[in-house]
Amino acid sequence: MLQGAQLLAAEVSTDVPSPIGLAPLVILLPLVGAAVLLLAGRRSDRWGHWLGLAASVGAFVVGVVLLVGLLGQDAEARAYDQHLFDWIPAGTLDVSAGLRVDPLSVTFVLLVTFVGSLIHLYSVAYMEHDDDRRRFFAYLNLFVAAMLVLVLADSYLLLFVGWEGVGLASYLLIGFWYRERKNAVAAKKAFIMNRVGDIGLIVALMLMLANFGGVDFATVHAQAPAASTGITTAIGLMLLLAACGKSAQVPLQAWLGDAMAGPTPVSALIHAATMVTAGVYLVVRSAPVFEAAPDAQLVVVIVGAVTLVFGAIVGSAKDDIKKALAASTMSQIGYMILAAGLGPIGYAFAIFHLVTHGFFKAGLFLGAGSVMHGMDDQVDMRRFGGLSRYMKVTFVTFGLGWLAILGVPPFSGFWSKDKIIEAAFVPVDGQEWRAWVFGTVALVGAGITAYYMSRLFFMTFTGRRRWNDGSGSLDGTGPQDGPVRHPHESPALMTAPMVVLAVGSVALGGLLAWGDTFVTWLEPVTGHAEHGEPVLPAWLLIVLTLVLVLAGIALAWRQYTVQAVPVVAPHGNALTRAARRDLYQDDVNENLVMLPGQVVTRTLVHADREVVDGAWTGLAGTLGLLGDRWRRAQTGYVRSYAATMLGGLIVIVVVALALAS
Amino acid sequence: MELTHYVVLSCILFAIGATTVLLRRNAIIVFMGVELMLNAANLAFVTFARMHGDPHGQVIAFFVMTVAAAEVVVGLAIIVAIFRTRRTASVDDANLLKN
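Residue numbers (our numbering), protein chains in the order written: chain A, -2 to 658; chain B, 128 to 226.
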């Protein structure tokens, strides 16, 4: 039962043993890499990408050392706050920069550096023909460094530094090919929508300072349980707003689809595996705050549930392979946020799903990049089809990632997603309606996930060829219009990371779920949760999930493999058309926020010009006019001055005489 | 000797001088107007000195004459200089500082 669940207030030690003391190095390596690559300029063009890769791999090695260091300690003692330097010593506000090394942060360090290193390797080949490959690696290193600051920070303020850092790196990388207007606009959109979320984090920081007198995790988490519900709810909702911005959750989800304008490795690393999951990290890290604010937790669950359905619906209609994957990312993060809102029974599974998702979604994106590489940057799935014969490695690795995201046992996704569905069916505070509503949403979401991912998979790899192979044959096996494509397998540098990620997609989930290894590992942070009883038996949930998944696959198979896929998208029903336009998210944003905002700013500009400026320029004009009039009195003729003097003299004499008499 | 006659004469001379200064454009004539005003004042000084039996007024009349002589020297020099450069003695044309 959840009531029985309690958060262990893990003792956070400030006495750091030697291997843990290496933690700053993990941030420093990619940071130095980024600095060198950016400062050295064109000179480092020839070897820059290898330096970037080395920095990332080095960070991963240090991450492994940290893991070994933590494993060498007792489970209860696996949390360290390493003081780096006094940052803002200002009287009662005393913030120091420090690193929190515990199972949660080390999990993230390993995920970010491992997947990051693989994607660095992949990018060496993927970006080979790009003149700006060095700049690309500099930004990737910058991102890795910022993400590591985010997850290793021991205070919300330092976390905020990393939070902004990854936002900057994301902006720079989405707009990497900034010469195309579309990409620059997408980068700006992502940056601005993230900024809306950042305001939430800033307000949360202020609330913490005002009410708890500090922003470090230790202070906030110690005082949150005793604080009034109003304050914790406010902080919780503000943190959720921040999480929504960074993790592309409703209502701040609109930027993620456009963010696919960046190079595909960026989409894989930042907009699938790591940065967009920062919101989940924030919620799980702030567990004590949310524990003290049940209302905020309920909102977290609602946001997660809405987003998971939203993303799934959008993903079912997109024809752009990257945008379909982006919608899927949004949906899967919806699962994580939902789990994170469930309390201690969900935290570990949220992070578990985050890790497995990081592997299979990065693998899927790299596969999509490989397909695009072979198809001359074509992203329209209606122009793919039958590619399995041409790209065998991509086909197999993508297929394994596909099975993993579907949650087919024994692939990774099964172990994490199924647990989230089960946890969603556990009543919270004895409220059965919540179990039924959110459990059903999670369950149905799994079915839709199966449908849209199968759709994507079948449209790309199976069925008939829908691209022009240039053979000119008129036997009716494929279209002869459009640009000629010669699909081919990608080089080994690209397929190797895909193979590694595919292995992770297959085995990681089962490995970490074996004997609850992962959940036990995270327990010092997330707290020990009593096993809750779902409203339906667990075996029935697994069966239901699998039935829905199979139904989704079957439906997609019938529509996109058995039946011919039209090259031009059919008109579709109202829901399809809405989903193609992201359920009108941009129209909603524009009409509800952008246009009123523009009206307000225009009105203010007008008022400023007419009223405020009008008053001052009017005054200046009047004075100028007066001066002009006065100037005319200055004729330059001596006699007129003399006459004035005389006149004045006469006036003085007359007055003097009048006063004397 | 009626005091009033002298004062009235002094006033008339002063008025003529002032009018000359205000209305004429030739610098020489304007100078003459100034001299007239100064001498009208001298006349008033001398008159009152005689009436009161006090020599102070007469002394001041001498001062005025001295200053007037000095002023004429400087003034005429300026007028000559202006005439040489601008070929005119009109006060209205000495307007280089205007605008």
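Read the hints as simulated data drawn from the structure, not as lab findings. Backbone N, C-alpha and C define an ideal beta-carbon position, used for all residues, glycine too. Any given hint might turn out to be false.
[Claimed, not checked] Partial pick of chain A residues on the chain B-facing surface, computed with a CB cut under 7 Å: (1) A223; (2) R629; (3) G633; (4) Y634; (5) V635; (6) A640.
[Stated by the list, open to error] Which chain B residues face chain A? A few, computed with CB under 7 Å, are given here: (7) V218; (8) D220; (9) N222.
Against the structure, the hints come out as follows:
1. Because the closest C-beta pair between A223 of chain A and chain B is about 80 Å apart, greater than 7 Å, the hint is violated.
2. The interface hint given for R629 of chain A is violated, since its Cβ lies 13 Å from the closest Cβ of chain B, which is over the 7 Å cut-off.
3. At about 4 Å, the closest approach between the beta carbon of G633 of chain A and any beta carbon in chain B falls short of 7 Å, and the interface hint on this residue holds.
4. The beta carbon of Y634 of chain A is positioned within 7 Å of a beta carbon in chain B (closest approach about 6 Å), and the interface hint is therefore held.
5. Given hint, V635 of chain A at the interface with chain B, holds; its Cβ is 5 Å from that chain's nearest Cβ, closer than 7 Å.
6. The closest approach between the C-beta of A640 of chain A and any C-beta of chain B is roughly 5 Å, which is under the 7 Å cut-off, so the hint is satisfied.
7. Satisfaction of the interface hint for V218 of chain B is found here, the shortest Cβ-Cβ separation to chain A being roughly 5 Å, below the 7 Å cut-off.
8. The interface hint given for D220 of chain B is violated, since its Cβ lies 11 Å from the closest Cβ of chain A, which is over the 7 Å cut-off.
9. Using the Cβ-Cβ criterion of 7 Å, the hint placing N222 of chain B at the interface with chain A is satisfied: the shortest such distance is roughly 5 Å.
In summary, the structure is inconsistent with hints 1, 2 and 8 from the numbered list given earlier, while agreeing with the others.
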